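Chains A and W are the protein sequences, given in the same order. Per the numbering used here, the very first residue in the first sequence carries number 3; after that it's consecutive. Per the numbering used here, the very first residue in the second sequence carries number 3; after that it's consecutive.
Please note that a few of the clues may not be correct.
No copy is singled out in the list; a pair is fine if it fits within one copy or between any two copies.
Claimed, not checked - Straight-line C-alpha distance at most 25 angstroms; calculated BS3-like pairs for lysine-lysine:
| # | residue 1 | residue 2 |
| --- | --- | --- |
| 1 | K542 | K29 |
| 2 | K612 | K645 |
| 3 | K542 | K39 |
| 4 | K379 | K404 |
| 5 | K379 | K74 |
| 6 | K713 | K542 |
| 7 | K501 | K254 |
| 8 | K29 | K461 |
| 9 | K558 | K713 |
| 10 | K501 | K257 |
| 11 | K567 | K379 |
Just so you know, these hints were derived from the structure itself, not from any lab. These figures come from a predicted structure and were not determined experimentally.
There are 2 protein chains.
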Amino acid sequence: DAGGVESLDYEVIENYAYREEQAQRGKLYMYYSVGVKWFFALLIGIGTGLAAVFINISVENFAGWKYSLTFKIIQSSYFAGFLVYILFNLALVLSSVYIITNFAPAAAGSGIPEIKGYLNGIDTRGILLFRTLIGKIFGSIGSVGGGLALGKEGPLVHTGACIASLLGQGGSTKYHLSSRWLQVFNSERDRRDLVTCGCAAGVAAAFRAPVGGVLFALEEVTSWWRSQLMWRVFFTSAIVAVVVRTAMGWCKSGKCGHFGSGGFIIWDISDGQEDYSFEELLPMAVIGVIGGLLGALFNQLTIYITNWRRNYLHKKGNRVKIIEVCLVSVITSIISFGLPLFRTCTPCPEADPNSGIECPRAPGMYGNYVNFYCGSKKEYNDLATIFFNTQDDAIRNLFSAKTIHEYSAQSLLTFLVMFYALAVVTFGTAVPAGQFVPGIMIGSTYGRLVGMFVVSFYKRLNIEEGTYALLGAASFLGGSMRMTVSLCVIMVEITNNLKLLPLIMLVLLISKAVGDAFNEGLYEEQARLRGIPLLESRPKYQMRSMSAKDACGNQKVVYLPRVAKVADVVSILRSNNHNGFPVIDHARSGETLVIGLMLRSHLLVLLQSKVDFQHSPLPSDLRGSSPPIRHNLSEFVKPISSKGLTIDDIYLTPDDFEMYIDLAPFVNPSPYVVPEDMSLSKVYNLFRQLGLRHIFVVPRASRVLGIITRKDLLIED
Amino acid sequence: DAGGVESLDYEVIENYAYREEQAQRGKLYMYYSVGVKWFFALLIGIGTGLAAVFINISVENFAGWKYSLTFKIIQSSYFAGFLVYILFNLALVLSSVYIITNFAPAAAGSGIPEIKGYLNGIDTRGILLFRTLIGKIFGSIGSVGGGLALGKEGPLVHTGACIASLLGQGGSTKYHLSSRWLQVFNSERDRRDLVTCGCAAGVAAAFRAPVGGVLFALEEVTSWWRSQLMWRVFFTSAIVAVVVRTAMGWCKSGKCGHFGSGGFIIWDISDGQEDYSFEELLPMAVIGVIGGLLGALFNQLTIYITNWRRNYLHKKGNRVKIIEVCLVSVITSIISFGLPLFRTCTPCPEADPNSGIECPRAPGMYGNYVNFYCGSKKEYNDLATIFFNTQDDAIRNLFSAKTIHEYSAQSLLTFLVMFYALAVVTFGTAVPAGQFVPGIMIGSTYGRLVGMFVVSFYKRLNIEEGTYALLGAASFLGGSMRMTVSLCVIMVEITNNLKLLPLIMLVLLISKAVGDAFNEGLYEEQARLRGIPLLESRPKYQMRSMSAKDACGNQKVVYLPRVAKVADVVSILRSNNHNGFPVIDHARSGETLVIGLMLRSHLLVLLQSKVDFQHSPLPSDLRGSSPPIRHNLSEFVKPISSKGLTIDDIYLTPDDFEMYIDLAPFVNPSPYVVPEDMSLSKVYNLFRQLGLRHIFVVPRASRVLGIITRKDLLIED
Ligand SMILES: Nc1ncnc2c1ncn2[C@@H]1O[C@H](COP(=O)(O)OP(=O)(O)OP(=O)(O)O)[C@@H](O)[C@H]1O
Ligand SMILES: Nc1ncnc2c1ncn2[C@@H]1O[C@H](COP(=O)(O)OP(=O)(O)OP(=O)(O)O)[C@@H](O)[C@H]1O
Ligand SMILES: [Mg+2]
Ligand SMILES: [Mg+2]
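Chain A extracted, bound-state conformation (with noise of 0.2 angstroms):
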């Protein structure tokens, strides 16, 4: 199978072990399983936020300690000002990409179009372990704070996703951290919900919004959903945010260096445009276009740069892959210092004592109008005041309200261009990096482009810049990412202003439905150049017309009796690499009976463990009394992310080879079925919406034993 992706088992395999297991387990397990679920909903958001926390103060004392210094220094040489942000830089962006490639390669870019695989059913080698999250955590702060065109919300997505499935197998088996009390979730659909809570922390956590973060974990990355799961996801997502919220309380005394003055995007703007006339419409409309135009572009960019890297740049293996990463932090370094030596300065604003803006800000500190290489003491550059800066400085900038004409269009132009091409030469390199934040500058830019022009065509008071700039990055990453409602509530708990809501829509509509007429969602377009096949969650239109036979097209199945020699067994297993078998036996009559489905990762653990292998051809239950269970049901659960079991692993003796082995008691005995000429779209939507691995395609049946209705159903109890 392609780049170590293989498929989920989601189902509940109801096998002999499997029911002796819960008929052992009274109600008190279930209300323990339901306490631990919540206990670890709670530590995810706790671990969430810390980590999140973390990742911001180490970003933000990196940057300000980089800002101070090279501002300190150009008071008496740009040159050597210049030379040091470089080399600042390099060694911050140097750490991370060292680390990714040399400790965590499953580490590098997003993480979430990987999650959202795994979400719906796929598993990706690596991406769930310890030496990730580690990876994650310690990669984004140096290549956020190095200055890359990327941003840490992406990533943050990634480590919740990482904390919760390592909580979920109670530790990280290979670093022998595991214990065995906290494993309690043997299934992995467990697991899929821990992880599910794990990516709405994440996203609460980089936004400071629970809300968002439900949704988006409930719109973008989950691909199943239960009523039950969204209350303990909302609590998670609203653990983190109380923890965001007393870590920066804390910081605010000064303890956490240069982080109290901001790291988390979130712009109050409630400044901002109160009211909108209908003629605002149609340059937010255009800002809509705009933004699905780009957007669009940036994923088809990303999809040929992506495709370049994989086929022939990053074969060469990992020094090429340091060259890049470091050959882009030098061409960041440059663009972001040396383009604003080029404009020239704008004089100071009118001070208005009440709004708390300084022109220009004292140097070496946070905030707007930034006075570099200006002639005068009163003049800000307004290019450095956006690229000169951190982003989240940046963005705060350009989303400011009441600061009208505080930039050039000319400024505007160029950041838009060079951080347009910078974001997509980043993309892909190894290092963690998340889209939104670029996607924000990008979009902020252009949007308060077209709001300077609205401000000078209309000529009225109450249109803001700012505004202009929100709707801006919502229509960029609308257009890139196709994401829809929790965009929107993210956008609306960010600036924490719930009137711009029907703004943000329209120009997300726009940006969608003009995005959509051009290629996939980021997410989607990356999962697939990673081949990692997702099922969306409508079948394909020509579906319709397919049967389930058509679908199996004229495979061969291979088969497993249920006694089988240990012989077979193996040659059968290495003879092809299908992952499940169907079972049959002989019923009395000699007729066949297909008595369950086998997996072959069970089959192996059998194989490799022996205590099942017996002398006899016949099935147990003919020799006597039930069999006994010689195994702990999570001896058949494979650890997330990493291979599990093969043939080779195994080893067995000549004499192995003529024993037999009984597979009744292992089989999942009811599989789900389908007629053969089922259509296929809804033998699509019951895989799809059951999380399933294998459907058997069977004949007609003869007879209906009997039907189930809602009444059968319902009972009490």
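Model the placement of chain W with the ligands on the given structure of chain A, informed by the hints.
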């Protein structure tokens, strides 16, 4: 079947006729139908928004006239005012109950349990008709305007659902308002999606909470959710928000009579408490516990009363229902007017010119600090402020910040007890009635009470009684309705204050947990009382140890042959009231084969139209070419919420009885099947998650024709 409750068929019946129709339709039709869906979403949004505005304007105007008249009269005589007040209320309530009893019986109550049932797959008779819509709108104007202890929010959800459903079937069939052009939604599935949009629109209109509306639909009412639906539902809610906002802007200029001053629940408590200390968590938890207890008690009391009404009182006919409502109205009027008379008034607090709160308010106006039966002009009656007032004003006054010590504990307690009793008694009378507003009133009263104790206990300045009132409201709704995420979001949206989210969550977690220890949520309990058999999202615990065969018991399956004699069909249909029958045919080898499922409703259509009757007992395909389709698919669609055809509606001549009918083109050729020993919990999941009506239990297969895995479903366009 009890009370006209019948299952819906959300499955697509892929019979011959359907396949033919699908084949004729091109890709273009798909775009057309997507376009129509969005257009309908728009219409639903506009319709529900306008309905909400209409109801609000009417209620506010009636209430405004009532109070201004009463206040004018009591300047001279309290007794005359009392009489006018009672009569005014009685007239409004009488009009409401008259409409309900004589014209639209299905419009009584809140409607949410029925809609929940509809979306779970059960059609309650009359629930989505045009007359119900009309009855609901005018009935709730009467009952809310008449001052009963009920709200207009639940009815608005029902209104939205009715509008959606009527659009979905292209108008009202009975009143000849339907248009063929709009009848694109032939399947129950599409209608279900529309009704989901309608519910969200209703909540969005009731609380001006678009996000809350989406989450309410998702969490509380629907049983199936597709992620594509989310964006459409959200769009609908946002349209509602825009419509309501526009209408309110238009009303601000005074064009809507008394409306300008309120009507929508939206309390901006951004003045409220910004921060909370850890000691406050204890009283907040106490509020949660009280909410859980009182909410569960409310549910339990309403169960008893509803049972009594159902089995005894309402059996006596409409006149008793009318008398009952009138009695409740008079009692409500007497209590709300009479009790404040016994309160001694309180001197007005020192006026704070910045707050904009007048004390006492100008007579006949809306606002806080009502001067009622006071000795001096500079006093207010705190009980009248909450009792002798419109509900919206009362809530606003309870939530009001910066008015510490406005209420005495005695007044709040009196109000709590009396209003709780009134709400319990009013619930279940024959008028449209929502439980949100009464719940908020009850909850905010004890919330404020707890807040008062906290203020006097901790003696710190930044504690706001209004914030506690809000938490109380959340706790009561949580304890009674057991909603979680949606309630949180609605609360945040109506108060426009994101900072309270964690507190609201804490309170809801506790109140829901406490309530769950006693009984189920209000809507589930009411659905059960009304005989709506909801399928929960999880299988019952004991289903794990049952098999599909166990659920069928030893039922004798009633089959139909492929070519059946009309007389036989009629006698089969008369002999039982099953709604689906397996159809069997004989293969050439003489073996029997199940060729599909025939629905009773489809059979009845065939019997009525008679065009498919044939003289020969041979199947049509044996006699030549493929059968012509003589039916339009829409003939088979049952109109929503109506009884549909029964066997008694069909008149057949003796000649007809001798004819034959070939069922093959009309059967559903691939109903879902499960092997007999599949555990019932798996069957349940299949049934519930795919929204089925019938499942065939069949013997184990003798062979597997193919295995479908993810790879087989990845078909490229
Ligand atoms: N026991 C079997 N006998 C014959 N064909 C099989 C059998 N199992 C699977 N197949 C077919 O072989 C192909 C690949 O099967 P495989 O089991 O690798 O599934 P997959 O889609 O790759 O998912 P997974 O991630 O589980 O491997 C599919 O077309 C499937 O229909
Ligand atoms: N064709 C049939 N032959 C025998 N038993 C049947 C048949 N169809 C249904 N039953 C059984 O009869 C009982 C009632 O069936 P019915 O068709 O009325 O379903 P229901 O649960 O009431 O739902 P609906 O709302 O569709 O009527 C159920 O226990 C069901 O298993
Ligand atoms: Mg495979
Ligand atoms: Mg029935």
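Here's how the hints hold up against the structure:
Within a single copy, K542 and K29 get their C-alpha atoms only as close as 43 angstroms, which misses the 25 angstroms cut-off; across copies the closest is 12 angstroms, which meets it. Taking CA atoms no more than 25 angstroms apart as the test, K612 paired with K645 passes inside one copy only; the shortest distance there is 21 angstroms, against 63 angstroms between copies. Proximity of K542 and K39 under a CA criterion of 25 angstroms is satisfied inter-copy only: 19 angstroms between copies versus 36 angstroms inside one chain copy. When the C-alpha separation of K379 and K404 is checked against a cutoff of 25 angstroms, the pair qualifies only within one copy, where the shortest distance is 22 angstroms, while the shortest distance between copies is 46 angstroms.
Taking the shortest alpha-carbon separations for K379 and K74, only the intra-copy value of 15 angstroms comes in at or below 25 angstroms, while the best inter-copy value is 69 angstroms. With identical chains, the CA atoms of K713 and K542 are at most 25 angstroms apart between copies only, with a shortest distance of 14 angstroms across copies and 34 angstroms within one. With identical chains, the CA atoms of K501 and K254 are at most 25 angstroms apart between copies only, with a shortest distance of 18 angstroms across copies and 29 angstroms within one. For the identical chains of this complex, K29 and K461 are neighbours neither inside a copy (70 angstroms) nor across copies (47 angstroms), given an alpha-carbon limit of 25 angstroms.
Taking identical chains as interchangeable, the C-alpha atoms of K558 and K713 lie at most 25 angstroms apart only when they sit on different chains, with a minimum of 16 angstroms there against 40 angstroms within one chain. In this assembly of identical chains, the alpha carbons of K501 and K257 lie at most 25 angstroms apart only when taken from different copies (24 angstroms versus 36 angstroms within one copy). In this assembly of identical chains, the alpha carbons of K567 and K379 never lie at most 25 angstroms apart, being 88 angstroms within a copy and 100 angstroms across copies at closest.
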